[in-house]
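Q: Protein chains in written order, with our numbering: chain S, 1 to 113; chain D, 1 to 115.
A few of these clues could be false.
When the alpha-carbon atoms are kept at most 27 Å apart in a straight line, the in silico DSS-like pairs for lysine-lysine are as follows [stated by the list, open to error]:
| id | chain 1 | residue 1 | chain 2 | residue 2 |
| --- | --- | --- | --- | --- |
| 1 | D | LYS78 | D | LYS57 |
| 2 | S | LYS68 | S | LYS105 |
| 3 | S | LYS57 | D | LYS42 |
| 4 | S | LYS81 | S | LYS105 |
| 5 | S | LYS76 | S | LYS105 |
| 6 | D | LYS42 | D | LYS57 |
| 7 | S | LYS57 | S | LYS105 |
| 8 | S | LYS76 | D | LYS42 |
| 9 | S | LYS76 | S | LYS57 |
| 10 | D | LYS42 | D | LYS83 |
| 11 | D | LYS57 | D | LYS83 |
| 12 | D | LYS78 | D | LYS42 |
| 13 | S | LYS57 | S | LYS68 |
| 14 | S | LYS105 | D | LYS42 |
| 15 | D | LYS42 | S | LYS81 |
| 16 | S | LYS68 | D | LYS78 |
| 17 | D | LYS78 | S | LYS105 |
| 18 | S | LYS57 | D | LYS83 |
| 19 | S | LYS105 | D | LYS83 |
| 20 | S | LYS81 | S | LYS57 |
No lab work stands behind these hints, which were simulated from the structure alone. Everything numeric in this text was worked out from a predicted model, so none of it was measured.
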Amino acid sequence: GQNIDQPTEMTATEGAIVQINCTYQTSGFNGLFWYQQHAGEAPTFLSYNVLDGLEEKGRFSSFLSRSKGYSYLLLKELQMKDSASYLCAVRGVRNSGYSTLTFGKGTMLLVSP
Amino acid sequence: EPEVTQTPSHQVTQMGQEVILRCVPISNHLYFYWYRQILGQKVEFLVSFYNNEISEKSEIFDDQFSVERPDGSNFTLKIRSTKLEDSAMYFCASSAQGAAGQPQHFGDGTRLSIL
């Protein structure tokens, strides 16, 4: 089965840095994705990790440790528009070989002035 | 930038009725997915579709549900005999490949309300 844990809520101040953690236990691993979801909207792809290490993409970075079943999303220079839910999703490999995404419950980030 | 489009944005239906949710995936994508998100809960996988057949489905995707690609552009989710607990946001997604590294791009969703 798949189990993905992330904090429910976090708060931070505009201009600051915040780290959102995600731990997972999965049967088969084929990559970890981070998505951003504003209330009432679709998840939007942010980043992807399949090998250990840090992937940087502008103000957003994501880290993966496969041995620890652990990832984090790092957001720098926070802006008010970054207030959203951040979803950790693991891609597993199932019977047919085509993979699907299992999502965590999401971390609601509130950025204040 | 190409995007996944879904219609309608909001569907209100009486319990027991059938609904069809429609999606137009990104044109050069080959893999299609349906997810649902009950209000306040996590996004849940329903089904994946490739080469005109279902490739994976979850426990949620029982005989009440079916998917179809009726032509070269549309991808539909049919829910028969709807129940109150089917009320949720339904997201369609597509990806260029099923392989790792290819992100799934989501549509804006259809909010389904069962009365």
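Q: Is the straight-line distance between the alpha-carbon of S/LYS57 and that of S/LYS105 27 Å or less?
A: holds, 23 Å
Q: Against the 27 Å threshold, does the CA-CA distance of D/LYS78 and S/LYS105 hold or violate the hint?
A: holds, 26 Å
Q: Is it true that the CA of S/LYS68 sits at most 27 Å from the CA of S/LYS105?
A: holds, 20 Å
Q: Would you mind confirming whether the straight-line C-alpha gap from S/LYS81 to S/LYS57 stays at or under 27 Å?
A: holds, 17 Å
Q: Given the hinted pair D/LYS42 and D/LYS57, is their alpha-carbon gap at most 27 Å?
A: holds, 17 Å
Q: Does D/LYS83 lie within 27 Å of S/LYS105 when you go C-alpha to C-alpha?
A: Since the Cα atoms of S/LYS105 and D/LYS83 sit roughly 24 Å apart, the hinted pair holds (cutoff 27 Å).
Q: With the threshold set at 27 Å, check whether the alpha-carbon distance from D/LYS57 to D/LYS83 stays at or below it.
A: holds, 20 Å
Q: What's the verdict on S/LYS76 and S/LYS57, does the C-alpha distance respect the 27 Å limit or exceed it?
A: holds, 11 Å
Q: Keeping to a limit of 27 Å between CA atoms, is the pair of S/LYS81 and S/LYS105 held or broken?
A: holds, 20 Å
Q: Between the alpha carbons of D/LYS42 and D/LYS83, is the straight-line distance 27 Å or under?
A: With a Cα-Cα distance of about 20 Å, the restraint between D/LYS42 and D/LYS83 holds, given a limit of 27 Å.
Q: Hey, S/LYS76 versus S/LYS105, does the alpha-carbon distance stay inside 27 Å?
A: holds, 22 Å
Q: Please verify whether S/LYS105 and D/LYS42 have alpha carbons no more than 27 Å apart.
A: holds, 5 Å
Checked against the numbered hints given earlier, the structure breaks hints 16 and 18 and satisfies all the rest.
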